[in-house]
Amino acid sequence: MKQEIELRINGQTYEVEAQPWRTLLEVLRDQLNLTGTKQSCGEGHCGACTVIVDGQAVNSCLMLAFEAQGKDILTIEGLSEGGQLHPIQEAFVTHGAVQCGFCSPGMIIAAKAFLDQNPDPSEAEIRKAISGHLCRCTGYVQIIEAIRAAAEKMGTR
Amino acid sequence: MNEHETLEVIGKPYPKKDARIKVTGECPFGGDIQVPGMLHGKMLRSPHAHARILSIDTSKAEKLKGVRAVVTGKDFPGILYGNFMHTRDYLPLAIDRVRYMGEEVAAVAADDEDTAWEALNLIDVEYEPLPAVFHHEEAMKEGAPLIYDDKPGNISCRSVWEFGDIEKGFSESYLIKEDTYRTQPIKHGMLETHTCIGFWDANDKITLESCKQSPYVVWRQLAMGLGVPPHNVRMKQTFVGAGNSGGKQEAMPMDFASVMLSRKTGRPVKIVHTMKEVLTIGHMRHPFKIDLKIGVDKEGIIKAVDCYAIADGGAHTSIGQLSIYLLGAFFMAAYKIPNVRYQGYRIYTNKSWPGALRGHCAPQSRFAFEGLLDDIANELGLDHFEIRKRNAITPGYEGPNGFKITSCGFKEALDKAKEVSGWDKKKGKLPKYRGIGLGAAGFATGANIMGMSACSALLKVQEDATVALQSGATDVGQGCDTVLPMIVAEVLGIEPDDVSFALVDSDYTPIDGGTWGSRVTFYAGNAVKVAALDARKQLAQVAAEILKAKEDDLVFKKKKVFLRGNSDKSIELDRLIRHCQNRKGMTIMGRGYYNAPAEIPDHITGKGNFTPTYSFYVQVCEVEVDPETGQVEILNMWTAHDGGREINPMLVRGQLLGAALMHQGQALFEGLIRDDKGRTLNPSFLDYKMATSMDIPARQEFYSMEMPDPEGPFGAKEAGEGSGTPTLAAIANALYDAVGVRFTELPIIPEKIYRAMNKKG
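From first to last, the protein sequence lines are chains A and B. Last residue of the first sequence? That's 172 in our numbering, and every number before it is there in order. Last residue of the second sequence? That's 772 in our numbering, and every number before it is there in order.
FYI, nobody ran anything at the bench for these hints, they're computed from the structure. Treat the hints with care, since some could be wrong.
[Claimed, not checked] Label pairs and their in silico Cβ distance ranges: (1) S70(B) to V31(A): 31 to 41 Å; (2) S137(A) to Y519(B): 47 to 57 Å; (3) A139(A) to P719(B): 55 to 65 Å; (4) A139(A) to R766(B): 52 to 62 Å; (5) G85(A) to I684(B): 17 to 27 Å; (6) V31(A) to N243(B): 20 to 30 Å; (7) P35(A) to G751(B): 58 to 68 Å; (8) S70(B) to Q18(A): 30 to 40 Å; (9) M705(B) to E58(A): 45 to 55 Å; (10) P406(B) to A139(A): 41 to 51 Å; (11) Q18(A) to I44(B): 49 to 59 Å; (12) E58(A) to P719(B): 42 to 52 Å.
[Claimed, not checked] Listed below are the simulated DSS-like cross-link pairs for lysine-lysine, each with C-alpha atoms no more than 25 Å apart in a straight line: (13) K152(B) to K168(A); (14) K143(A) to K179(B); (15) K471(B) to K570(B); (16) K700(B) to K300(B); (17) K152(B) to K300(B); (18) K763(B) to K17(A); (19) K179(B) to K23(B); (20) K559(B) to K580(B); (21) K618(B) to K595(B); (22) K17(A) to K74(B); (23) K770(B) to K443(B); (24) K763(B) to K443(B).
Using N, Cα and C, we set each Cβ at its ideal position, and we do this for glycine too.
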């Protein structure tokens, strides 16, 4: 039943054998041990499992691993470079945007996809961009502030 | 003492210590952990709300390829476990009776999750359905089906008390008003579902690794339900993907199942709840029906309060004895009430059950009280701030129930909220469909509720002038992993980054009461401070010899120890530590413990001081209602609070924001829905709606009174959780101002508002 697939994740190629019904999230977490991407609701309502596929933020629990073949996948593990946090990650740390941290990887990845398309967003645009992501700890405000600060920093780089 | 000098660390917005590993995804939550040989477990749940279990046949499931073990309730010793001794009604797995749809009756361990799910379908359980009851008012009636044979009237627990003389109080009242308020159940809504890995080894050492926010409570409950001495149990805490109390506070059937499946297989067994399971099973906020009566004199001074409250208690009690007390107790923590009667009953029904949840019954209590108080003020023609100020608790006040108020900036917070909200310019002067309202609350800084309520800390001072801190405290995102190291850093003159923070492991870390009731900064913070002072004293003795100075004249700052007023006479801290270790053989270990000077209140008779110090919140909300749709927009939210000195203002702000938004959801749309057969109708985030980034108020501001508490570590007390306690009231009161309708039932959804406006015309 298992079939071989090839996935390009964070610039590296992985060959895995998976059943055709496995989601990208299952393959990332259970087969490749890329557990930075979190599973919460498993139904596409919370955003915790968000990864970037060909530049688009997607819920990896709603995408079959097979569908992701031949595409560029970015997970939270691929965001920092050479031990340096990405400016979005850094801003999440310094702005108190992380409490329990379970939503953080998905939220940060969503922010990355969003800022790549909208380098200078308004607060209202940021709110909308993360509206598919649940966070029960923070009340979202410090997350929005972190994304705004990251945008400014990335803009001046 | 550094405390009397300039604070170097306390009061600064240090980023949360674990934030860096959380933003990279490195931080291992329970679900991320794989152990060699690990099996996957799943729970079989009752399809009946109330039934007798006649037989369970697991043979077919056991024969399925890949299934390694099946357990049922009979694998356990049949000991009830739980919290208060008189309310223990949990079993690890049901044995002969199920009491709600979703109750765990068996569990399977298999090579993979799919096989475990499949095996559940092969377990044959023969049930004999029993008459069930789903509404707390029905369940109290004579002749209602009994959910526990030994609990007449289906009363799970009660809290009934009277202080002063309410008849006299009401007879002296100029105005008496009463109303009935109803609140709904909401879920904790943490994103990390309950997760555990159990391992029962050949030495009969039972290890549970799990995302528990009060690991020592779980440690004790596991030992209780398994019938083994606590030292046989090792509870290891993983990082916690939020808790807000509930199942992360207690041992759950999944925890027992994982260790028993491990015993049968000799292999570790991991169980992860799905979100559907989390939303279907127990632990949620208590839904209440609150009949409240308040009498005041002509000046609006409260003379008497009478309340009859019943909570829909579902199938189990959890921590409900405390909950049912707290609804009444939180009437007593804001205003001076000389005469009071409270009759609270928690009633069993055949439904998933409530327990503790962020704010623990204070939001419901304030929703009723603040609404009725506004109605009274309106009738007396009194300003809403004025009536609160006239009745506000003041420092040194002792309530008739034994509450002892120490530091208290309630009046200051009232003044601040009134000023910053522009109340005088807005109240009664806003355009149609706009409204402004306020809610106020007093909240608790932990409590000595039962058994062990103390905190302890151990710290190991290392030769590079760093500290390995072990406390029994658990970070659930609130920030004690940072705040406790900040306290150590302040005392020893080092940086928070120089202090590591250990996850709880019951074999190694000191014992602790747990993370609940906003207790950690105060209780664990004091214990940690004592431990740091202990280490400093040992270091100071040696430094005094080297520097030929008196210990009391030494200052620890910037990784140096120097003579006060003469910083040239100094020694580097790391050199001092090495001198102690290498020359004197002194390894420096600090030890501290702390319990608050509060009584253990009697939750049944209501007598006693609940918490060592109270915090106070005043929240003003400005809303706009769309008359076409009944939709509510929160335009402004101002919160003034007395939470002592903020040890880390950035983390406090995060808590304030989060708690308030969660309760905004409860006020306006959120809620668990069960049908008349006890079935949960919205066990998915598709239908169970929590506040998103689109719901946050257009503007929100927080003002700390910055009044240090005399008992708290560096002046800290409860700060954060309480910001949700006045929110239901503030929003409902603002809606009254906007549309002239008193909403007494939550959530106040647009349909309700629209209909009420139309009815009013």
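Hint check:
1. S70(B) to V31(A): 31 to 41 Å: Given range 31 to 41 Å: holds, Cβ gap about 36 Å.
2. S137(A) to Y519(B): 47 to 57 Å: Distance hint for S137(A), Y519(B) holds at roughly 50 Å.
3. A139(A) to P719(B): 55 to 65 Å: violated, 39 Å
4. A139(A) to R766(B): 52 to 62 Å: violated, 31 Å
5. G85(A) to I684(B): 17 to 27 Å: For I684(B) against G85(A), whose Cβ atoms are near 43 Å apart, the range 17 to 27 Å is violated.
6. V31(A) to N243(B): 20 to 30 Å: For V31(A) and N243(B) the Cβ distance comes to about 41 Å; the hint is violated.
7. P35(A) to G751(B): 58 to 68 Å: holds, 60 Å
8. S70(B) to Q18(A): 30 to 40 Å: holds, 35 Å
9. M705(B) to E58(A): 45 to 55 Å: Violated - the Cβ-Cβ distance for M705(B) and E58(A), about 19 Å, lies outside 45 to 55 Å.
10. P406(B) to A139(A): 41 to 51 Å: holds, 43 Å
11. Q18(A) to I44(B): 49 to 59 Å: Violated, since Q18(A) and I44(B) (Cβ atoms, about 28 Å apart) do not stay within the stated range.
12. E58(A) to P719(B): 42 to 52 Å: holds, 47 Å
13. K152(B) to K168(A): violated, 65 Å
14. K143(A) to K179(B): Judged against 25 Å, a Cα distance of about 56 Å means the pair is violated.
15. K471(B) to K570(B): At roughly 16 Å apart (the allowed maximum being 25 Å), K570(B) and K471(B) satisfy the hint.
16. K700(B) to K300(B): Distance of about 23 Å is within 25 Å: holds.
17. K152(B) to K300(B): Measuring from Cα to Cα gives roughly 15 Å; hence the hint holds.
18. K763(B) to K17(A): violated, 53 Å
19. K179(B) to K23(B): violated, 51 Å
20. K559(B) to K580(B): Holds - the C-alpha atoms of K580(B) and K559(B) are around 9 Å apart, at most 25 Å.
21. K618(B) to K595(B): This hinted pair is violated, its Cα atoms lying about 53 Å apart.
22. K17(A) to K74(B): holds, 24 Å
23. K770(B) to K443(B): Within the cut-off at roughly 17 Å; holds.
24. K763(B) to K443(B): holds, 18 Å
Of the numbered hints stated above, those contradicted by the structure are hints 3, 4, 5, 6, 9, 11, 13, 14, 18, 19, 21, listed in ascending order.
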